[in-house]
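S.K.: What follows is the residue order along each chain.
2 protein chains.
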Amino acid sequence: MPEHRIRYAPLRDKITSAAEAASHIKDGTSLFISGFTAGYPKLIPAELVKRAEAGEKMKINIYAGASTGDAVDGVLARAGLVKWRRPYMSDRGMRAAINREEILFKDDHLSSLSAAVRAGEWGPVDVAVVEVAAVTEKGQLIPTLSVGNTPSYVKMAEKVILEVAAADPPELEGIHDIYIPEDPPWRMPIPIYRAGDRVGKPFIEIDPDKVVAVVYSQEPDASAYFSDPDEVSLLIAEQLLDFVQHETKKGRLPEGLPWQSGVGDVANAVLAGFQEDHFFQDLSIYSEVLQDTVLDLIDMDKVRAASGSALTLSLHARERFFKELERYKDKIVLRPVEISNSPEVIARLGVLAVNTALEIDIYGQVNSTHVMGSQLMNGIGGSGDFERNGSISFMVTPSIAKGGAISCIVPMVSHVDHSEHSVGVIITEQGLVDTRSLTPRQVAEALINKCAHPIYRDQLMDYYQRAVREVGGHEPHLLGEAFSFHQRFMQTGDMRVGGGGE
Amino acid sequence: MPEHRIRYAPLRDKITSAAEAASHIKDGTSLFISGFTAGYPKLIPAELVKRAEAGEKMKINIYAGASTGDAVDGVLARAGLVKWRRPYMSDRGMRAAINREEILFKDDHLSSLSAAVRAGEWGPVDVAVVEVAAVTEKGQLIPTLSVGNTPSYVKMAEKVILEVAAADPPELEGIHDIYIPEDPPWRMPIPIYRAGDRVGKPFIEIDPDKVVAVVYSQEPDASAYFSDPDEVSLLIAEQLLDFVQHETKKGRLPEGLPWQSGVGDVANAVLAGFQEDHFFQDLSIYSEVLQDTVLDLIDMDKVRAASGSALTLSLHARERFFKELERYKDKIVLRPVEISNSPEVIARLGVLAVNTALEIDIYGQVNSTHVMGSQLMNGIGGSGDFERNGSISFMVTPSIAKGGAISCIVPMVSHVDHSEHSVGVIITEQGLVDTRSLTPRQVAEALINKCAHPIYRDQLMDYYQRAVREVGGHEPHLLGEAFSFHQRFMQTGDMRVGGGGE
Chain A
1 MPEHRIRYAP LRDKITSAAE AASHIKDGTS LFISGFTAGY PKLIPAELVK
51 RAEAGEKMKI NIYAGASTGD AVDGVLARAG LVKWRRPYMS DRGMRAAINR
101 EEILFKDDHL SSLSAAVRAG EWGPVDVAVV EVAAVTEKGQ LIPTLSVGNT
151 PSYVKMAEKV ILEVAAADPP ELEGIHDIYI PEDPPWRMPI PIYRAGDRVG
201 KPFIEIDPDK VVAVVYSQEP DASAYFSDPD EVSLLIAEQL LDFVQHETKK
251 GRLPEGLPWQ SGVGDVANAV LAGFQEDHFF QDLSIYSEVL QDTVLDLIDM
301 DKVRAASGSA LTLSLHARER FFKELERYKD KIVLRPVEIS NSPEVIARLG
351 VLAVNTALEI DIYGQVNSTH VMGSQLMNGI GGSGDFERNG SISFMVTPSI
401 AKGGAISCIV PMVSHVDHSE HSVGVIITEQ GLVDTRSLTP RQVAEALINK
451 CAHPIYRDQL MDYYQRAVRE VGGHEPHLLG EAFSFHQRFM QTGDMRVGGG
501 GE
Chain B
1 MPEHRIRYAP LRDKITSAAE AASHIKDGTS LFISGFTAGY PKLIPAELVK
51 RAEAGEKMKI NIYAGASTGD AVDGVLARAG LVKWRRPYMS DRGMRAAINR
101 EEILFKDDHL SSLSAAVRAG EWGPVDVAVV EVAAVTEKGQ LIPTLSVGNT
151 PSYVKMAEKV ILEVAAADPP ELEGIHDIYI PEDPPWRMPI PIYRAGDRVG
201 KPFIEIDPDK VVAVVYSQEP DASAYFSDPD EVSLLIAEQL LDFVQHETKK
251 GRLPEGLPWQ SGVGDVANAV LAGFQEDHFF QDLSIYSEVL QDTVLDLIDM
301 DKVRAASGSA LTLSLHARER FFKELERYKD KIVLRPVEIS NSPEVIARLG
351 VLAVNTALEI DIYGQVNSTH VMGSQLMNGI GGSGDFERNG SISFMVTPSI
401 AKGGAISCIV PMVSHVDHSE HSVGVIITEQ GLVDTRSLTP RQVAEALINK
451 CAHPIYRDQL MDYYQRAVRE VGGHEPHLLG EAFSFHQRFM QTGDMRVGGG
501 GE
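Residue numbers (my numbering), protein chains in the order written: chain A, 1 to 502; chain B, 1 to 502.
Please note that the accuracy of each hint is not assured.
[To be verified] Listed next, the stretches of chain A that the computed footprint assigns to chain B, with coverage defined by at least 3 CB atoms under 8 Å from CB atoms of chain B:
| hint | segment |
| --- | --- |
| 1 | 201 to 209 |
| 2 | 465 to 472 |
[Said to hold, decoys possible] Some chain A residues flagged as far from chain B (calculated, every beta-carbon gap over 12 Å):
| hint | residue |
| --- | --- |
| 3 | GLU3 |
| 4 | ALA115 |
| 5 | ARG198 |
| 6 | TYR225 |
| 7 | GLN245 |
| 8 | GLY251 |
| 9 | LEU253 |
| 10 | PRO254 |
| 11 | GLU276 |
| 12 | ARG436 |
| 13 | GLU481 |
For the record, the hints were derived by calculation from the structure and aren't laboratory data.
Quick caveat, the model's predicted, so the values are computed rather than measured.
Every residue gets a Cβ at the ideal spot worked out from N, C-alpha and C, and that includes glycine.
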């Protein structure tokens, strides 16, 4: 196995135990790891936890591509090992620690991180830990199912530790397109003109002398689990696809624009909608995370190209993917996240961006990150990259949550991640509003009447009409009541006046 | 004069009176005009007002590059002629009408408008009215002191009316760089690699048959008035320039990044600061509106290139500029606003962006547009284009306004235009906070202690500490009190507890 996986002989001499490899990580180390929903190291974090359990006092900084799995964020957070964590994460325990400020977290647009690290803004890159499927004859790295920020982390790292993943076949070689853009002021354009363009190399370049340890890992990524889209998601997806068809037929939207779709139920429902609709053929996907449905669409020969920074697959889909890897590799490109999420490329391609909100207010401001204004959920991820730069920016949400106790359309969002200036079309299962040529007051009336759930329409309209009457202005707000929905929920468990008990 | 100004003979046959020209504009016409602080038409709006005063019932839609002068926005708003106005405007009377929803207004990122018009999102372009300095032998248009959205407006217009401006010399020819980017999905990169690159033509292309009327105008643009920077602006500028020097010397910021600077006192103070500081030489400016100080810097031989979409000059500076036009033309490029504000180009060049906030909250969210959350000021303009894409995004504001009755650092901003994810360094005359590697709680503590005015620090710290204690979370907020500063101001005229009377 070593010869096959590690084709550069000198690195075979560095094969060692996870404990030995992890000894390069000490209290205060800044650890920059591979991983973007998939492709994160598993053994080194486990070793660190062992040392913590044995009594070693240690705090490290963890920088990844985006979220990882329990094997990183979960175990390290539970062991109290993390001082700083950036960027996006989705682990429940880590989230709780971040909200207690026990773990320091700064939310970032995913597209901007690699450049910040190269500029030295995040401090020295002490150790990079990278999961790889293989090492080439010249010592270059073949990543596994994500690219994330790994190329820049490796470039800047003082020391590099490799986890060679038995679960990922070395035949992944060729699926990645590794391109590190130049940095200002002498930066040239990113030469991507079509979603599937390959502009880089199929491996991560590295000075092999920086590799201090190589370990073998039998641990696969945690599998994603996707449920069938529910009725709400299907209703949202249906309206979205109808809207795009309508705009295309009207000549306001050219054919052939690539799609971005965030993670989650609605995203999957949109992609599932493509399967059933004859209008959508020859699709391009320029997204961040690719999921099971992309394989389905490839199988139906509906996809010209699918580009992302990571492949997050269910157990079943992963087996299928590895079995017919050569066929899927023709269609799929995995890129650094600064390329998959590049504002420049997203704008150039005219990506149709679809992202999910936590809550949206009557004027179209969007909260993607903070529950009740204070509690971080996961982070902004790439939603700002895509919403701000897509040719049409769709923001979707169910109209209600928690069985109606929460309205996802509120008078004023309790935190703003995406301003009205960057959000185009808002969709709930109730209806769709194209805000792009409406005044804020027109947006409010349309959102309340079309997108809000009927059980909240009167309450919202009452707020809006009193704000118009009592305060006026371009975006009338009653500042004393702007968060009355949220306050009522925090006090009674229900945003409805009277608690919805009637 | 006609032969010199209108070198394409067939257009000389279309010279007519302003009244005759304006007859192409009727009730319901969508009028797309040149103008971006400068370079707006003056005669046609005056004719429309005459007709309104004579009793004609008429409402038109006015789309410009950005703000114009009293000769457009002022007179048309006072005459009640405007149904829709987009984008950014700064006229007092028009603002009041927008806030009463008597004029419909939708706030847009300036970079995104031309493409939306080309896509048909704004509906048909009935009539374009363009101020020109000259018409070439082939009928192409030489704009005056702004480009704005004019090239796309002309391209899409059914009819075009030209106002030939006697006040602007035809020798302006050559200062403009007109490049209309392609639209998705087959869009190529915008080939600008340095602030001063010229990538287009020195004129606006047009089918001359679309020109229905040509009128001669003796009306100059209203002159800008710039006061000397006050102490607060100078203190902000000084910290900003020190910070950039420091980061450059530390190696975290490369030399040679171009500057963007919004309009206003601080922007001028920053540019004035360049004059006195030996560190700053060979400057590039990649901005939206260029003002008097740019001429001063050119005179000092400190500027390699200055790029913008408009030149807004005081009376004195305009005289000086026209007198030595050939010398200034070497250094200055005027572009369409979709190019001057292009996210792609701003990011590529690594622009240092400096914009002014109305208010900033303790977690670094920024309000640029809405006073007390409801009343529109001017619009977001290009601030979102630059803040989101610059290599460092500076957001500046005095710490207080109205003699201390308003704190510009508040618990929560009453409207969000720029989220914490897109704002880097915050500066008031009190101090500077680099938020890029701080958690929101660390940002709050730093902003309160360093940037807030001392008369508000206790009030802000009290809010913050109680929010941490009572609510917690990643960005602790007391939703019931988040706007207590604003509410107190609206009730008592002062944000200070006790009204500041002590």
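S.K.: Each hint: holds or not?
M.R.: A quick look at each hint next to the structure:
no. : hint       : verdict
1   : 201 to 209 : violated (count 0)
2   : 465 to 472 : holds (count 3)
3   : GLU3       : holds, 42 Å
4   : ALA115     : violated, 8 Å
5   : ARG198     : holds, 17 Å
6   : TYR225     : holds, 27 Å
7   : GLN245     : holds, 16 Å
8   : GLY251     : violated, 7 Å
9   : LEU253     : violated, 7 Å
10  : PRO254     : violated, 6 Å
11  : GLU276     : holds, 24 Å
12  : ARG436     : violated, 6 Å
13  : GLU481     : violated, 10 Å
Checked against the numbered hints given earlier, the structure breaks hints 1, 4, 8, 9, 10, 12 and 13 and satisfies all the rest.
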